[in-house]
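Engineer: Residues per chain are reported as follows:
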Amino acid sequence: MKIEILAFGIAKDIVKGRSLSLDLPSGTNVGGLKAELCGRFPNFEKLKSMAIAVNEEYQTDDFSLSEKDEVVIIPPVSGG
Amino acid sequence: MKIEILAFGIAKDIVKGRSLSLDLPSGTNVGGLKAELCGRFPNFEKLKSMAIAVNEEYQTDDFSLSEKDEVVIIPPVSGG
Amino acid sequence: MITEELRMIDIQLKDTPLIPQECIDYTTSDSAGGSTIFIGTVRNKTKEKPVIRLEFEAYAPMAIAELRKIAEQAKAKWSAEKISIHHRTGVLQIGEIAVVIAVATPHRKAAFEACQYCIDTLKETVPIWKKEIFEDGEIWVAAHP
Amino acid sequence: MITEELRMIDIQLKDTPLIPQECIDYTTSDSAGGSTIFIGTVRNKTKEKPVIRLEFEAYAPMAIAELRKIAEQAKAKWSAEKISIHHRTGVLQIGEIAVVIAVATPHRKAAFEACQYCIDTLKETVPIWKKEIFEDGEIWVAAHP
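Residue numbers (the working numbering), protein chains in the order written: chain A, 27 to 106; chain B, 27 to 106; chain C, 48 to 192; chain D, 48 to 192.
Careful: at least some of the hints might be erroneous.
Unchecked claim - Partial selection, computed: residues in chain D whose CB lies under 7 Å from chain A:
id : residue
1  : 104
2  : 107
3  : 108
4  : 111
5  : 176
6  : 180
7  : 187
8  : 190
Calculated directly from the structure, the hints in this document are not laboratory data. For glycine and all other residues, C-beta sits at the position ideal for the given N, C-alpha and C.
Given the sequences, and given the hints that come with them, work out the whole structure.
Structural biologist: Here it is in structure tokens:
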């Protein structure tokens, strides 16, 4: 399945763009997506943390992705 | 000695005026003043507390008064 | 230096409406990361009894001196950069501001603690008295046990 | 009632200067005795290194949703009457306001705790990112261990 992923903050710099498109095996979960991202962009390993939001909610590694999901890479936040 | 005393808040209502003048034995301390006030105005006994400020500072019972002091009755405060 | 210390503390007793922005403007600085502000307003009731208005009376010179003491203590204990405390006197209508306290510190946790210390201590030591006026009478707040 | 609950929480992400008075006006009420406000401003240095300016980027819809969650949690836990949180995005100069949080509660201790909970949690969970720009480069704050 094709997943569109948005990137913010330092994640945008790491993937060199606001969004990227990945072709992932159907049923890939958040943990699998993180592994794929770290494989393609080793700089993600250097971050203090990396979370994934799906449809505007944080999701844990066992959450399964679907093709229409809005998937966002959330590097360490620093608002306030 | 003659001591001029200012009264605020409910103390003003109890002594029925902004100030009163008392003739006290020379060397009277704050404790003695409080006893004199409670004798003349029994309603002071009903207050939650009564402090005495001398020259804009709180003073304890053993503090001796002098004729030129600015003496103020401080009933329970309720600012803020 | 004492004059320097004095410059970092702003104490005012006013018989005109308080303006929180004045306290904010005083404390905000390019070197402090945050300010915490407390605003106390006149509530429309006390223990479910409707309040008509409020009157604050202050023993002004000592009130200012005590407020300054509190600010100095808070400044020292929490390394506050600037503290501004404005307290109202006179007649206040429901919703009007009785007190504004603003504290700026380099770290925000300290700003909360210092600001809370100021309002808690103010209510214990500063010679200001509040009279609540009800439909059927009036009462000096906290006077009796 | 959900619509009633929504009316008591004011969340805004803005790319124009924040105005603390707006948050104060929103939260102040005749029935709450006090409001606690936190104002976070852009500091002129980070670990003694001069900062030129700051840039905030937000994943806007989720940032607003997370801010609302925080406000709802604080409202429930501390019986807050009203909560207003405004957060800035875009380019900020030194001294500009990054965030304003105002909380009104019937009792002041709760207002301090609720306000502190909001800013502490905001810094942990809300998808907003801050880039500090120095003379000689720039860095996404807190990105690396």
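Engineer: Hint by hint, note whether the structure agrees.
Structural biologist: Hints, one by one, checked against the model:
| no. | hint | in the structure |
| --- | --- | --- |
| 1 | 104 | holds, 6 Å |
| 2 | 107 | violated, 10 Å |
| 3 | 108 | holds, 6 Å |
| 4 | 111 | violated, 9 Å |
| 5 | 176 | holds, 3 Å |
| 6 | 180 | violated, 14 Å |
| 7 | 187 | holds, 4 Å |
| 8 | 190 | holds, 4 Å |
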